[in-house]
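*Asks:* Spelled out, the chains give:
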Amino acid sequence: MTNPVYLDNNATTRVFPDVVDAMLPYFSEQFGNASSIHAFGSEVGGALRKARKALQALIGAEFDHEIIFTSGGTESNNTAVRSALQVMPGRNEVITSTVEHPAILTLCDWLEKHENIIVHRIPVDGQGRLDVEAYRAALSERVAIVSFMWANNETGTVFPVDGLAEMAHEVGALFHTDAVQAVGKLPIDLKTTEIDMLSLSSHKFHGPKGLGALYLRKGTRFRPLLRGGHQERGRRAGTENAPAIVGLGRAAEIALETLEADAARMTALRDRLEQGLVQRIGHCFVTGDPYDRLPNTATVAFEYIEGEAILLKLNQAGIAASSGSACTSGSLEPSHVLRAMDIPFTAAHGAIRFSLSRETTDADIDRVLEVMPGIISGLRDMSPFWSEQGAQPEGFNPEYA
Amino acid sequence: MWDYSDKVKEYFFNPKNAGALSDANAVGEVGSLSCGDALKLMLKVNPDTDIIEDAKFQTFGCGSAIASSSALTELIIGKTIAEARTLTNQDIADFLDGLPPEKMHCSVMGQEALHAAVAAYTGEELEEDDHEEGALICKCFGVDAGMIERAIRTNRLNTLEMVTFYTKAGGGCSSCREPLEELLADTNAAMVAEGLMPEADAYIFGAAPKPEKKKPQGFIIPDQPPAPKLAPQPSAPVQIAMPALAAAPAPAPAPEPALELALEPAPQPAASGLSAAKEAILAARIIEELRPVFRRDGGDVELVDMEGSMVLVHLTGACSGCQLASQTLGGIQQKISEALGRTVRVMPVATV
Chain A
1 MTNPVYLDNN ATTRVFPDVV DAMLPYFSEQ FGNASSIHAF GSEVGGALRK ARKALQALIG
61 AEFDHEIIFT SGGTESNNTA VRSALQVMPG RNEVITSTVE HPAILTLCDW LEKHENIIVH
121 RIPVDGQGRL DVEAYRAALS ERVAIVSFMW ANNETGTVFP VDGLAEMAHE VGALFHTDAV
181 QAVGKLPIDL KTTEIDMLSL SSHKFHGPKG LGALYLRKGT RFRPLLRGGH QERGRRAGTE
241 NAPAIVGLGR AAEIALETLE ADAARMTALR DRLEQGLVQR IGHCFVTGDP YDRLPNTATV
301 AFEYIEGEAI LLKLNQAGIA ASSGSACTSG SLEPSHVLRA MDIPFTAAHG AIRFSLSRET
361 TDADIDRVLE VMPGIISGLR DMSPFWSEQG AQPEGFNPEY A
Chain B
1 MWDYSDKVKE YFFNPKNAGA LSDANAVGEV GSLSCGDALK LMLKVNPDTD IIEDAKFQTF
61 GCGSAIASSS ALTELIIGKT IAEARTLTNQ DIADFLDGLP PEKMHCSVMG QEALHAAVAA
121 YTGEELEEDD HEEGALICKC FGVDAGMIER AIRTNRLNTL EMVTFYTKAG GGCSSCREPL
181 EELLADTNAA MVAEGLMPEA DAYIFGAAPK PEKKKPQGFI IPDQPPAPKL APQPSAPVQI
241 AMPALAAAPA PAPAPEPALE LALEPAPQPA ASGLSAAKEA ILAARIIEEL RPVFRRDGGD
301 VELVDMEGSM VLVHLTGACS GCQLASQTLG GIQQKISEAL GRTVRVMPVA TV
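In order, the protein sequence lines correspond to chains A and B.
Heads up: the first sequence runs through residues 1 to 401, numbered per the numbering used here.
Heads up: the second sequence runs through residues 1 to 352, numbered per the numbering used here.
No wet-lab data here; the hints were simulated from the structure.
Take these hints with a grain of salt, some might be off.
Claimed, not checked - Within a straight-line C-alpha distance of at most 16 angstroms, the following computed EDC-like cross-link-like pairs (lysine to aspartate or glutamate) qualify: (1) K113(A) with E181(B); (2) K113(A) with E10(B); (3) K313(A) with E10(B); (4) K313(A) with D6(B); (5) K113(A) with E182(B); (6) K191(A) with E62(A); (7) K53(A) with E253(A); (8) K191(A) with D162(A); (9) K7(B) with E125(B); (10) K16(B) with D381(A); (11) K113(A) with D186(B).
Unchecked claim - If you want a taste of the chain A side facing chain B, the calculated C-beta under 7 angstroms gives, among others: (12) F285; (13) E306; (14) E370; (15) M382.
By construction, the Cβ of each residue, glycine as well, lies at the ideal position given by its N, Cα and C atoms.
Pulled out of the complex, with its shape left as it was, chain A reads as follows (with noise of 0.2 angstroms):
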């Protein structure tokens, strides 16, 4: 058996053994509260400070202040959407888009049903890319907030997030983005930006899970969603989580160090990757926007099978990676992002999401260079929208559809 191969780092992380051993001493040596006077804690509050310092550099904060620890990536959006709703008197109105993750998706569904909210869910064309007349058309000053996020999950594909934060600002609206798959992957400067919120997730570069971020820029008007202590400046409260906020840190340091470099690599690796399967496969495509995408997400579409009895067949391989297929999520319709862009049901259900990281080698993509071409064809040989001639969808005709 050959070494395992890791694709799904758009899924989560392999916590980097640096961040471990940065983590360990504060789960029982000093394990005290920040909060606390005695020596059980008395290098905690040190070692916060540094971890919000190290995340501060690398998402380009003015102060280290606009950052408040969340739990994560959901929580911070949470936070965020429901805090601009508040601050906010007079204007009911979100915008969004069609392709954001669940966090954003499920939270403006349930606002709309329940809670009298206005959301306008901004469409994408083919590639992923934002329909900005649309969003230009929906932005009026009964806009509370805007939440776009800054690359897609599933795709890849980059928004164009500082001139959709000036445009927001233009109708006096606050801009936040859901970057969790941006921080880390994508060199990032808010000072340089118009964005007021921004939510990020510990586990998608390499550190622990359980912990994010909410960036909150300095003087924009707030409501915790969470009240009791004074944690965070009484903006979350909770006892900080000391050994993943430390994790954290030395994460974003790492990223920070290796960003650039490691960007040029996967990128040639992604491209290589890409390139070699629309070569040996037929019948298959890359989706996303081939301009502006994160460097390690390559989505690739094989039509006429369907993508959980790929990943099953990769995992077979020893290789993990991810799918947009219906029957992985336990819902009926193929991934929210894919329909979005109008890829066609036929390709939808069989698109295969690899995810690299700065530890995915030449060898690794080799090897699914090898063995997907046979998986591919097996299952073509099962569908019955193939035959020897190749691909008939008309051959088929069910009586029940």
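Since the structure of chain A is provided, determine the placement of chain B on it from the hints.
*Replies:* Same frame as chain A, but now just chain B:
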């Protein structure tokens, strides 16, 4: 990911009878690309004997769809058309040692393809398909939105409790309460709009349930005459945790045979802090509460015994041998574990 049985994996990775059957004389095609599932079943039937001599499949779908298709072909080869007609999706799931509840539709697709192929062979008309699915709401019992909506409409349901009685949805761990509430409110609102229900009857999302009235007295043994009071003892309420209880005389003879074994006086309190008898009574009450859910499906459940961490029950009717039985029992198990404050295992047993 999914918890597939070894048999599902085996039939996915090494499917039998995959591919085209060139000399097929009956073909059934179901599903479509947009659903993410499609199956083409090809049969070679001997016209003299009506025996299915060969069967092959082509499937577009997930691992369990491919395994279900392959299992279907294995089940019907050698059978007559008449025998094949009686095959149900449950037979396919059983053959594969079960499917996850979210994946039961894969076995349904197999059954539908078989019906289509048989109809093609005999030349009969296929009945109208009313099979529709929605998002899976209740994971304990595998009930989807389509089925719940139909039950609400057909029976004009307007309380969560009735939805659970009619569909079982929400009768297990009850964590699907919020989506269930939303579905009920939405369906009722649509029925009001269509003039099928007066507005006053419609369920409103978030409507506060009536507070449960709790009697401020001690433990009550259901359907039993109160135990004879001993003169020197203080009057009710009886304190459950009183150590004196263990030394107290055994409760009055239980009229229900199912309780007999369990009601024997326990020599010492169980790990939960309750006596074995109290524990058995609690378990019996929980099972009693859940009985309507089982009876609706033509089955029944009764408590047989409790031994340590084992709660033995007897399933009858449609419940015995049901593929969902293990999930159903999981719901009981959770409720009893919560009530007793310790983990128990609910095991089905044959008649005592």
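*Asks:* Would the hint linking K113(A) and D186(B) be met if the CA-CA limit is 16 angstroms?
*Replies:* 11 angstroms, holds
*Asks:* For the pair supplied as a hint, K7(B) and E125(B), confirm whether the alpha-carbon distance does not exceed 16 angstroms.
*Replies:* It is violated: about 35 angstroms lies between the C-alpha atoms, which goes past 16 angstroms.
*Asks:* Checking one constraint from the list: CA of K191(A) to CA of E62(A), max 16 angstroms. Satisfied?
*Replies:* Holds - the C-alpha atoms of E62(A) and K191(A) are around 5 angstroms apart, at most 16 angstroms.
*Asks:* Have a go at the E370(A) hint: is there a Cβ in chain B nearer than 7 angstroms to its own Cβ?
*Replies:* Violated. Min distance 18 angstroms.
*Asks:* Under the criterion of a CB-CB separation shorter than 7 angstroms, is M382(A) in contact with chain B as hinted?
*Replies:* 5 angstroms, holds
*Asks:* Taking only the CA atoms, is the gap from K53(A) to E253(A) under or equal to 16 angstroms?
*Replies:* Satisfied, since the Cα-Cα distance of roughly 9 angstroms is no more than 16 angstroms.
*Asks:* Within a Cα-Cα threshold of 16 angstroms, do K313(A) and D6(B) meet the stated pairing?
*Replies:* 15 angstroms, holds
*Asks:* For the pair supplied as a hint, K113(A) and E181(B), confirm whether the alpha-carbon distance does not exceed 16 angstroms.
*Replies:* 13 angstroms, holds
*Asks:* Taken at face value, is the distance from the CA of D162(A) to the CA of K191(A) at most 16 angstroms?
*Replies:* Answer holds: K191(A) to D162(A) is near 11 angstroms, not above 16 angstroms.
*Asks:* Run the distance test for K113(A) versus E10(B): straight-line Cα separation, threshold 16 angstroms.
*Replies:* 45 angstroms, violated
*Asks:* Would you check whether E306(A) satisfies its interface hint, that is, whether its CB is within less than 7 angstroms of any CB in chain B?
*Replies:* It holds, given that the least Cβ distance between E306(A) and chain B is near 5 angstroms, below 7 angstroms.
*Asks:* Within 16 angstroms, alpha carbon to alpha carbon, are K16(B) and D381(A)?
*Replies:* At roughly 13 angstroms apart (the allowed maximum being 16 angstroms), D381(A) and K16(B) satisfy the hint.
Hint violations for this structure: numbers 2, 9, 12, 14, all remaining hints satisfied.
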